[in-house]
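Trainee: Next come the chains, spelled out residue by residue.
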Amino acid sequence: VASTYSIIGQPVPARVDGTGKVTGVTRYADDLFLPRMLYSKLLRSPHPHARILSIDTSKAAALPSVFAVITGADLPQPYSIMPVNQDEHALAIDKVRYVGDPVAAVAAVDEATAEAALHHIEVAYEPLRSLMSIADALAYPEERIHDYNRVGNVHRVVALEFGNVDEGFHEAEYIREDTFFFQGNTHLPMEQHAAVAQYTPDGALTLWSATQTPHYVHRALATVLGLPASRVRVIATPVGGGFGGKSDMFAHEFCAAKLSMLTGRPVKICLTREEVFYAHRGRHPVLMWVRTGVKRNGAITALHFKTFVDGGGYSSYGVASVLYTGALQTVTYKIPHYRFEGLRVFTNKPPCGPKRGHGTPQPRFALEVHLDKIAAALGLTPVQIRRPHLVTPFSMTVNHLRITSCGLGDCIDAVVQRSEFLDKVGGLPFGHGIGLACSAYLSGAGLPIYYNDMPHAGVTLQLDRSGAVCVFCGAIDIGQGSDSVLVFIVAEELGLDPRDVRLVTADTALTPVDLGSYASRVTFMAGNAAITAARKLRAQLLEVAAEALQVTVERLGMAHGRVYVTDEPAISMPFVEVARRAEARFGTLSASGSYTPPPLAGKYRGHGVGPSPAYSYTAAVVQVEVDPDTGWITVPKVWIGHDIGKAINPYLVQGQVEGSVYMAIGEALMEEQVFRKGVHKIPSLLEYKSPTFLEMPEVDTVLIESLDPEGPYGAKEAGQGPLLPVLPALANAVYDALGVRIDEIPITPDKVLKALELRDRGQEPRVGPRGVPAFSFPALRQVERPEEWLQVVPDPGTRRP
Amino acid sequence: MAYFGTLTLQADVPYSLPLHLLWRVKERGMKHVFQLHLNGEVVEVLAPVHKTLLEVLREDLQLTGTKHGCELGECGTCTVLLDGMPALACLLLPIEVQGQEILTIEGLAIGSTLHELQNTFSELGAAQCGYCTPGILLTAMALLRTNPMPDRQQIKEALAGNLCRCTGYVKILEAVELAAQRC
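Protein chains in written order, with my numbering: chain W, 79 to 879; chain X, 181 to 363.
Keep in mind the hints are simulated off the structure, nothing from the lab.
Don't take every hint at face value.
Below, in silico cross-link-like pairs of lysine-lysine (DSS-like), each with a Cα-Cα straight-line distance of 25 Å or less [stated by the list, open to error]: (1) LYS336/X <-> LYS767/W; (2) LYS373/W <-> LYS412/W; (3) LYS614/W <-> LYS715/W; (4) LYS231/X <-> LYS715/W.
This structure is a prediction, so every number in the text was calculated from the model and none was measured.
One chain only, chain X, in its complex shape (with noise of 0.2 Å):
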């Protein structure tokens, strides 16, 4: 495994870090430059090529706001957008989605102006704790761009892909209704 390849100290080692310390100095394995369209900016990011979305975007982009839950596609807590569409970043890695446009939470709002969906979200107390509103948010937007004025059937089938163990789903029907109307 590429994580434990042992390094053997060499006499001509070119630096003097401390011992103690240049035997952590390891090979990290091969990684790769990736270019994301990102939230509307092109970012570039060095991982390995293994690392998925969800990973790259919390861990070395520091966008803690798509969270995990169980990293294998169930909970749909990670979705972020890509051309639009939800998506879940535990299953991508960077390297299919290089080109399309993703869009994350951070994304979401247009400078201080919140998107109608958050403000109604908060309003209505339809984040509690507020764990899974990230990727509702996201599938939702997703929806009213393709749906406008989608009735509560819709919206449930829609958005049947995230779970939400606090709000019992109810005041998050009524955010999205309400920021239709608004939209």
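Only chain W is shown next, with the shape it has when bound in the complex (with noise of 0.2 Å):
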């Protein structure tokens, strides 16, 4: 079907904001400067985990051209993005639970003054057992980093059954148990976390800061300094690369509002490289265990699926962390019974949180590995283990999460055919691999985080005499693109060039609620808030305009900056007359639209995390050459099919998706976050291995447009789900290039290593974790089946066109 659009879909420029960003023009936290500004800096813990003895401030304080010091006692409040866990305080009060605990602050006349004073602050501590593993944290319950938890070091502990598990094993006829470790790392934005504070003596304060989410910093800035929230604006910064790390709020953040209200001055805050490894919310450490029954012919009768998850020294998104290791395993492959324990622990290491994909990579990993092991043992190939037995669209999964458009299959035809994938499986000279993995991801989180029922996005226009289109959002271009979308969509309904549509975006005092640019959310939600907006706003237009050129508003369009009779192009009216006649009988013209998800919970605890309003599909094939006497590995070609739903920009999407199957080469190869006592091994650029130019391979990206019912123009996600195939199927590449088996993240040369040695000596060629805790779960919620369960839902209607 040709396209209709003369914007969405098409390649043109891809960026409304790349004039900024190529002229070093567009303004992030820390290039701003205001006048009289100071400058602060955060005294943090050099302990992993003890008590608070005392603190002395009165020296740094006596320094001159120090202007305030703080500490925990001045920000009592405590927070979490979880309203269920208020477990953080800005500065620590009686405890601090891993090294870097931010303990105090400093606002003085510059960085170097104020680095200087933190020395002067005197903290006396004492020392508690550090608790460094899940291991550990499991073994010394009685050493407890939170007393809110009701047992030892247990965060979070979650048993849902859907089904009956013991009966799809009885059905199996064959059954597999496997232990897969993924270790955690970061997400590594180039710029580090900035953040501005202005208070004025009105009682107004203003914070610019480098985040992903300004309305959940809006709502804990409130609430922390005490101040009313309509006097509290927070404004995103352009976003210097967030992948989940600036989507939490953050000490300095509260600091930096804290010190400017005692000083009346602006404080600018921004942290080092080293500190950023530490203020972290990355990939938590998984290990996991999953027991798999399938037919011969592969499908899966029954899947059990255990997560041990190292949550690190604070609560922060863990809770849906940890339900997220266990919500997604359904949605690619028809399981009809399906068993999940979880657990997230404590620990005494900088918190963990969102990373790209959000707690869906590490049993991604495992649950594609594991399923291509089931097939070899069935005599299988990859493609036949997963192509048959694909959930049916528009269904309802086991753990009642509602499935709409799903062109998987349509990914994996091409990715198998293009690499020639069945050809050089199995086939391929020593050395050299290639292995195959699916995927799912959210299109955004069915439900908000904290629990309310008003729309997770808005979108307001206002048009003026000029012609040109301004549109209000509060969502935060984090270099996604959602800038871009949002003016090609308005541009789009109403035939605009894009230069011709402004933007103010993530400004908490102008723009509508948007709550951020996290969950792969944006496009689908904001897009469809934009869209609704701009429909408004062009039945104004065209009614007059109809009049105008003596027609009905059914033949009009609006294109090219014109409105035009669509059978009759000849017949048409500049956009700006139509804009200036609708002014004149409508008023000032404004438009206002907003996003809220259907009801997709299912009614069980933990129903929370799983649901959206469309999933989007990757299959995703990578060839390897494995050099077997160093364990390097290389990756010359990843191909990738993504079922995108609908591409409204392509190069935005082949953007994401590039840069998604970069962030999965580095967590597979190379990225990890890893403690010694505590310490951070390797906080630097440099140590912390990041792929560069050479490392990427060439990416062969294929776009499938299933065009999801509910999308904007059927869009889905772009964002994080090219991610999770890649990981696995760069594992079962080294498996088909050395017959060993590395079943932990990362996959790094002395693994690979150790495995080849393993299987010179007869034993068996694997580097992986050995097993699981003892641990009990505690019983098994029983969570009945949904009713429609694996038939077709039918159509809601709301079919974009």
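Take the two lone chains and join them into the complex the hints point to.
Mentor: Written out as structure tokens, the structure reads:
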């Protein structure tokens, strides 16, 4: 079908913010300089776990050019992103829980003075036993990191069963168990976190911050500072890389605000690169155990999945993270009976949180490698174990997730064919291998983080008589292109040149709420809100145009800055003329639209995590070359098929897919967030290895457009899903190359060599965890399968054009 | 440390600042005047000798297009051109580069006309978050000046010192190639 769009889906210039970014004009948070601005630094704990006996700030406060010093006593109100566990303080009050936990903050005339003043703050600590691993956390329940959780250091435990897993295993013709470990890693945005706070004597606070979630920062700032939310304004500055790492609220944001209140001057704070490694909130280390029953043809009869999640010192997003390690296994292949047991423990390391894929890349790695092992045991190809058993579009999963469009089959077919996978797998020379894996991801979370029935995204449009439209939206562009998506949608609906659409975004004082740039939600949700708003404005404009052109509204179209009669394009009127007539008729022109996801939650505790208005699907084939003498892995090429629903802009989507592949390659081969006695082993951009231009493989991207009925123009997410299948596909490729299994991420040369050595000694050629801790999960919460299990869900009838 | 010279209040202080402000006036350490040849202009800066070129550009000259990612010479984000060659502003002192032509991202366009690299980066979405973009553009410009039609491997090698976490580098390579064709 030929596209009827002039902008949507067209290879028009990818970005509306491109010029600012290529000229150095774009102002990131640390590029802001205000008159009389002070600089802040945080004093951080040198101990992984210690009681604070006393803090003496008097010497630091007495230093010249030091304007204020604060401690936990100045900011006593706790907070957290998740309402259920308000366990953080901007500055630690009685205890520190990881090396880097902020303890005090200084405002001084410049950074060097603030930094030097930190050395004059005297803190007496009583060190406590530090718990540095999942095993430690479970082995020493009496050494409690927090006291609000029910037992020991168990932050959250989940035990759910959907259907009857025992019955499912009884029906199986082959059952297999495996264990896997996924080491933590971090986002490593190129921009270090920074914020500027300005409090004025009239009681108004403004915070400019590099944040993905200005709305949540706004709420938390008001609470922690004891200010009415109406007088707190948060402006998210263009974010220099997020990947989830700037989606929590951070100590430095509260401290800058409090210091500005105390000094009456603007206060800036910028974290050092080392501090960014400790601020973290990145990928959780997860130990996993999986047991699957299948028929001989590969059809799954039952799946039992256990995760042990290393949370670090605080809750952060952790309640959601642990649920995400069990939520999306069911969204790719038909799974009739499913049991999930998950555990998140506190440890004395920087808190983990969401990183691209939030809690789902770890189980996806385990599941997809596990499936390949099952395929090998049954004599099936990696395609045969997957392709015939995909979920049905418009069906419900056993754990009550509503699937709408699904183009996974097309994704698999595309990458298998383009990579000549079936000719290569099992047939390449020793040291060369190829692997396949699949995945699914959310297009936005179906439920908000704090429960409420308000919209998840809002857009207001204002049209002025110059013919320019201004879009107001709370969404923040973190590089993913949300600014461009908003402009393209409004320009498409109103037939405008994108250059005639302006933006005001991510300012809680000026823009309608958008919950934030996380969970791949912005294109879907803010995009739908923009369409609704634009169509309201369009209706008003067409009404006056129809009168002026003496035709019915139905015959009118809008494109290229004109309103025209679709069957007689010569009859037309410039947009600006229509805008003037509409303003004369209706008064000042504006329109709002909002988006709230349909009710999607199943009826069980834990239902809040997993539902999404639509899932994106991805299949990846990765080819590797492994040097058996050094264990060094090279990835020459990745083929990736992504079901995007509809590409709003093909360059933007390709960019997201390529960036996801890149980040996956980094995680698969080299990135790890590791500690020695609580101290980060490699907190620098040189030693924390990440892929350069030279390690990045060639990427063959295929976009599958399944046109989701509820997505804007059919669009679904692009920014996170394509990361997921690359890691297991790479692990499967290493097996294909050498016949050894590395059941751990990252897959480093030392592990490859160890596996080859085991093989040479006649032992099982595998590196990976031998088992999981003996932990007795609570009684399973039995959840009935949805009534419409495996039946087609009626198309909800809200199809977008 | 020079930052902490304590000011002793003297009875004959010649101006009448309120005391609570006066006590904060202090010895700021020796500063030097540097003359820099920057983006085709000659500029003078008064700064302590230990301040890096990166800090002077961003803080004293408000040229914030030059970014910082590590301030340890690891990420390439603060790349500027010195006499046409890429250099890391975080590892340079202004005193070392007096007399050399310094080009920052602010000097890449000629008037309102963008360099072809800037056009292609913008068109193809080679700048996502845009934070590493200034350093990469300058490095690529240096490459194209010495090698107007580089092949993909040569581009990769030239840019290998610049990290980007968003793009997977693919669109950047395509944008450099497209700019080379158009130049």
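Trainee: Does each hint hold? Answer for all of them.
Mentor: Here is how each hint holds up against the structure:
Note on LYS336/X and LYS767/W: the hinted pairing holds, with a Cα-Cα distance of about 17 Å set against a maximum of 25 Å. Simply put, LYS373/W and LYS412/W have alpha-carbon atoms about 12 Å apart, close enough for the 25 Å limit, and the pair holds. With a C-alpha separation of about 46 Å, the suggested pairing of LYS614/W with LYS715/W is violated against the 25 Å cut-off. A C-alpha spacing of about 44 Å is found between LYS231/X and LYS715/W, which places the hinted pair above 25 Å, so the restraint is violated.
Violated hints for the displayed structure, listed by number in ascending order: 3, 4.
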